[in-house]
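*Asks:* Here are the chains, one letter per residue:
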Amino acid sequence: MSAMSSLLSVSGLTKSFVIHAQGDLALSVLRDVALEVAPGDCLALVGPSGAGKSTLLRSLYGNYRPQSGSIRVRHRGDWVELVGAEPRVMLDVRRHTMGFVSQFLRVIPRVAALDVVAEPALRLGMALDEAHRRAELLLAALGIPQRLWPLPPATFSGGEQQRVNIARSLICDYPVLLLDEPTASLDADNRDHVIDLIRQRRDQGTAIVGIFHDTAVRDALATRLHHVVLPGVPT
Amino acid sequence: MSGPLLSARGLTKRFGSRVACRDVSFDLWPGEVLGVVGESGSGKTTLLNCLAGRWQPDEGSVSYETAAMGTVDVHGLSEARRRLLARTEWGFVNQDAREGLRMSVSAGANIGERLMAIGARHYGDIRRTSGEWLDRVEIEADRLDDTPRTYSGGMRQRLQIARNLVSNPRLVFMDEPTGGLDVSVQARILDLLRSLVDLFHLSAVLVTHDLGVARLLTHRLMVMQGGVVVEEGLTDQVLDDPQHAYSQMLVASILPV
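So the protein lines, in turn, are chains A and B.
Once you know that position 153 of the first sequence is 153 in this note's numbering, the rest is easy, because the numbers rise by one and skip nothing.
Just so we're on the same page, this note's numbering is the position in the second sequence counted from 1, plus 235.
What the hints contain is simulated information worked out from the structure, not anything from laboratory work.
For every residue, glycine included, the Cβ atom is placed at its ideal position computed from N, Cα and C.
Hints are supplied without guarantee of correctness; some may be wrong.
Unchecked claim - Covered by chain B, per the in silico footprint, the following chain A stretches (three or more residues, Cβ under 8 Å):
#1 84–92
#2 136–142
#3 216–226
Stated by the list, open to error - Example chain B residues on the side facing chain A (calculated, C-beta under 8 Å, incomplete):
#4 W264
#5 R289
#6 D293
#7 A422
#8 D426
#9 L451
#10 D471
#11 D476
#12 A480
Throw the hints in and build the complete structure from the sequences for me.
*Replies:* As structure tokens, this is what we get:
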């Protein structure tokens with residue numbers, strides 16, 4: 001695939017963790033990883049538990065800091081290098097270009113579910129009415145009962161919190177979406193709602209990298225697979 | 236985006252032979268909230284006071300991009316100019332609200348004083364704006380004429396925040412703004428600070444030893460140990476993938492709830 005058409009381009013990516021409390025124990029997790037993701041692609045990261053799928057995904061989002069290699073993303077018309085990027089560059093990429101859906105909602109005390117969902121859109125300058133309207137559409141599409149919208153999600157069930165989190169990550173039309181087990185604790189109906197929403201984004205040209213433990217979800221969404229293996233472990 | 240709002244270069248402050256902070260440099264960009272974390276005695280508060288021009292560093296400099304007067308050297312300003320800056324373009328939220336408030340005058344006067352410093356003269360306008368800010372920080376309107384002595388700790392802290400933000404500052408320094416408060420009171424103040432920072436597109440330097448507070452309020456972190464910045468980065472990078480032994484120890488020491 002030519003780099004010209006892709007939105008995300010990774011090469012030579014290497015990441016290890018050094019744990020100082022364990023006598024500077026070094027755990028090598030990613031070595032020389034390369035991948036390309038184009039609009040409309042959904043690249044599924046596959047590999048056994050502990051192989052480094054989450055580490056790779058979090059490195060793409062700048063949450064983990066790789067030691068070397070390159071992660072380049074098309075950001076507001078330009079290629080931007082994320083390895084070693086300044087915080088304000090990374091924040092701007094996250095605000096405009098890259099969304100991340102994690103399994104867990106980091107609850108903000110006292111903020112209503114509706115406002116938790118609307119917040120990223122407001123940060124991009126969307127009017128409050130429009131942001132709330134979009135938030136309501138997403139919460140409804142994800143099956144969150146209307147009576148919960150004005151409440152802070154701290155007391156919601158795990159599955160409800162996860163869907164609030166998904167709504168928050170989908171309220172902006174990010175060109176690149178990173179998904180870490182987006183359906184992990186959902187029942188079949190809610191899982192299907194989430195699949196529908198993500199498939200729509202993919203078909204509209206969003207470039208997606210995801211970890212999907214559930215093979216039915218993976219089959220429904222993935223256009224390609226990327227095998228992740230620990231360095232030194234035979235494939 | 237033009238340039239950084241606040242730039243520190245090689246800041247060093249000694250107390251006698253003890254170095255409280257050593258060779259600290261960074262740029263704070265408009266709209267950024269920078270957290271400074273570390274244990275007590277790590278030099279966080281010394282750094283904050285040097286940044287805000289309250290203390291003179293032994294080495295290094297701080298420059299600030301003013302709204303109207305271009306870039307100024309914070310420690311090169313006359314005392315009068317620095318105080319004017321502190322009352323107009325800056326805010327400073329102390330851990331102990333008693334240090335940031337005038338305890339013997341009414342809440343309304345505490346807020347109104349900042350407005351008068353930026354030229355407000357009309358009594359009715361000042362009183363109305365003070366009332367609006369009291370409401371914004373969730374203090375009942377009928378407490379406007381009471382002195383902060385009659386307020387609870389959490390209310391005093393919210394009043395101090397109102398007093399600081401009423402003049403529409405561009406940069407706010409905060410020293411442990413939720414330190415010493417009950418957790419429920421803390422949550423309310425955190426929520427308030429978070430929404431005000433967003434609403435007014437504030438830039439801030441926040442000193443805290445509480446990594447939960449840092450996670451909620453800041454974009455970037457500097458970790459200090461023994462007066463030295465040992466690690467910096469995006470807040471979630473430092474908390475989720477700490478590199479330095481000291482940061483790893485701090486993160487590992489968080490009590491799970």
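*Asks:* Look at each hint and say if it fits the structure.
*Replies:* These are the hints, each one checked on the structure:
{"no.": "1", "hint": "84–92", "in the structure": "holds (count 4)"}
{"no.": "2", "hint": "136–142", "in the structure": "violated (count 0)"}
{"no.": "3", "hint": "216–226", "in the structure": "violated (count 0)"}
{"no.": "4", "hint": "W264", "in the structure": "holds (5 Å)"}
{"no.": "5", "hint": "R289", "in the structure": "violated (26 Å)"}
{"no.": "6", "hint": "D293", "in the structure": "violated (28 Å)"}
{"no.": "7", "hint": "A422", "in the structure": "holds (4 Å)"}
{"no.": "8", "hint": "D426", "in the structure": "holds (4 Å)"}
{"no.": "9", "hint": "L451", "in the structure": "holds (7 Å)"}
{"no.": "10", "hint": "D471", "in the structure": "holds (5 Å)"}
{"no.": "11", "hint": "D476", "in the structure": "holds (4 Å)"}
{"no.": "12", "hint": "A480", "in the structure": "holds (4 Å)"}
Of the numbered hints stated above, those contradicted by the structure are hints 2, 3, 5 and 6, listed in ascending order.
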